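2 protein chains.
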Amino acid sequence: MRRSESAQIAMMLEVCAYPKPGNVDRCHDYDDTWLEHFLASAILARPAFVAAENRSAGIGACIKDAVSLTAVHKGGNTHFGAYILLFPLIMGDGIDGAMDVISRTTVDDALSFYEAFALTEVRMNETDELDVNDPESAQYIRDEGLTLADIISYSAAGDMVCREWSNGFALSRRVADFLLASPDGKQAIVRAFLSLLATEPDTFIIKKLGREAAEWTMIRAKEVCAGTYEAEDFDEECLARGINPGSIADITIAGIYLALREGWDWESLQTV
Amino acid sequence: MRRSESAQIAMMLEVCAYPKPGNVDRCHDYDDTWLEHFLASAILARPAFVAAENRSAGIGACIKDAVSLTAVHKGGNTHFGAYILLFPLIMGDGIDGAMDVISRTTVDDALSFYEAFALTEVRMNETDELDVNDPESAQYIRDEGLTLADIISYSAAGDMVCREWSNGFALSRRVADFLLASPDGKQAIVRAFLSLLATEPDTFIIKKLGREAAEWTMIRAKEVCAGTYEAEDFDEECLARGINPGSIADITIAGIYLALREGWDWESLQTV
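Line by line, the protein sequences give chains B and Y. The C-terminal position of the first sequence is numbered 273 in this note's numbering, with every residue numbered one higher than the one before it. The C-terminal position of the second sequence is numbered 273 in this note's numbering, with every residue numbered one higher than the one before it.
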């Protein structure tokens with residue numbers, strides 16, 4: 002299978018995995034964003050993934066291309082964080098290569114990324130200095146000679162997806178290792194997701210609802226992992242509170258991608 | 002959107018539509034074939050659809066290519082019937098063009114189709130003279146100069162998908178018209194499926210379980226359409242009896258494809 006296809010399959014497997022508390026899955030839509038929107042994105046992003054695989058465009062242009070290609074549906078931005086992780090992993094064919102790709106990003110990559118960002122409604126931290134809706138940001142990037150890696154590292158403190166670029170994809174790796182060590186194929190995706198949710202505050206939740214909500218989510222996820230609380234009940238409570246762990250979902254996609262590339266068999270159904 | 006992408010989106014929307022009695026949907030897997038297998042096929046078939054769109058390969062080769070590309074998962078053949086309908090519709094850019102494509106099929110197309118067929122486990126009618134597992138069939142096709150259209154027309158009597166090639170895609174058209182006349186987007190897919198199921202004996206059911214099972218299915222589907230029987234109960238009863246209306250699902254995909262190409266908005270959610 003081509004790397005572009007593994008990325009698409011990773012996006013598909015992640016969104017189908019059920020029950021994935023707080024997030025869209027095969028049994029839950031949000032009012033404005035449905036299972037079908039996530040799947041349409043997985044289908045329509047392909048040319049950008051192929052360009053990354055062939056290295057026929059820079060990483061910033063690839064991310065912008067993926068955002069444009071998938072902006073044709075009404076489900077809004079479905080995978081911006083996942084693109085930030087998948088593109089270096091595709092271009093570099095794994096984590097080591099991805100870190101090399103990241104180290105070589107340019108000012109042009111940063112500018113394309115900002116153009117991509119402006120097409121989405123991704124939430125900024127209030128402390129973020131560079132506002133995508135401010136035309137002066139582009140000038141500032143040029144004046145300061147900021148690369149995409151610089152931009153992403155500015156966001157790393159408050160964004161666990163961006164942090165993956167500086168810590169060698171630590172959490173993506175953890176998800177991949179979890180899956181590779183599990184004998185029960187796609188059924189392990191929910192457990193990998195929950196194990197991350199139990200130990201890492203989701204920065205998407207923090208941006209949307211504050212740190213307290215993210216910590217509540219961790220405590221509940223721990224209980225689900227310990228078997229003292231039902232995943233289905235957790236799911237309902239997340240939906241009622243408007244909690245969706247979007248960043249951990251993005252990292253889960255990157256982890257699935259890595260695992261697929263390293264031979265993980267999502268179709269295995271051995272009993273755990 | 003490109004025609005190849007419309008075909009992929011059609012496959013995705015059809016399998017996600019719920020509740021689709023007897024078939025895989027977002028809430029039901031079969032033991033051996035899952036939602037994810039259908040979606041993996043929708044993702045992986047793309048190069049064959051692109052070849053059809055670009056007319057860079059013949060229709061027989063395209064069908065064989067789609068079957069090969071999607072045979073990498075363990076879910077078995079998911080879309081053989083759908084390919085028989087989608088490829089002429091993509092190549093011809095609609096029904097009129099498809100009928101022209103069909104009228105020009107060749108002996109080579111027939112031979113490629115037989116090679117594709119041999120890769121699947123598609124059920125033959127007992128009366129079918131050409132057995133795909135019999136090497137003499139290929140020789141017979143060559144000796145008699147049979148085109149793919151000839152082959153498909155032999156099967157039309159007992160296979161409603163093949164019949165679409167000779168009747169101008171009558172049932173695919175009916176599904177498309179149903180969707181285009183419905184204001185509630187993707188929610189209309191299940192009603193289109195049920196309305197076909199209520200009036201047409203599914204030839205996949207006939208091949209697998211006999212005519213009586215297909216007629217029972219029609220009666221039950223009529224009751225669901227009339228509102229006197231719940232779709233969810235019908236679904237459970239179909240699963241218990243091993244009834245899956247696979248041919249009508251294939252025709253539903255072709256109908257969704259046509260509707261998408263003609264401007265149908267699957268994202269509309271107006272109340273019916």
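Hints are computed from structural coordinates only; laboratory data are not their basis. A few of these clues could be false.
Each pair may be met inside one copy or between any two copies, as identical chains are not told apart.
As a list, the in silico SDA-like pairs of lysine to any residue whose alpha-carbon atoms are at most 25 Å apart [said to hold, decoys possible]:
id, residue 1, residue 2
1, Lys223, Leu120
2, Lys75, Glu268
3, Lys75, Phe179
4, Lys75, Cys28
5, Lys75, Asp33
6, Lys75, Gly98
In this text, all values refer to a predicted model and were calculated from it rather than measured experimentally.
Hint by hint, here is what the structure shows:
1. Within a single copy, Lys223 and Leu120 get their C-alpha atoms no closer than 36 Å, and across copies no closer than 46 Å, so neither meets the 25 Å cut-off.
2. Proximity of Lys75 to Glu268 under the C-alpha cut-off of 25 Å is restricted to the inter-copy arrangement: shortest distance 7 Å between copies versus 31 Å within a copy.
3. Taking the shortest alpha-carbon separations for Lys75 and Phe179, only the inter-copy value of 22 Å comes in at or below 25 Å, while the best intra-copy value is 34 Å.
4. For a Cα distance limit of 25 Å, the shortest separation of Lys75 from Cys28 qualifies both inside one copy, at 20 Å, and across copies, at 23 Å.
5. Taking CA atoms no more than 25 Å apart as the test, Lys75 paired with Asp33 passes inside one copy only; the shortest distance there is 8 Å, against 33 Å between copies.
6. Neither within a single protomer nor between protomers do Lys75 and Gly98 lie at most 25 Å apart by alpha-carbon distance, with minima of 34 Å and 31 Å respectively.
Checked against the numbered hints above, the structure violates hints 1 and 6; every other hint is satisfied.
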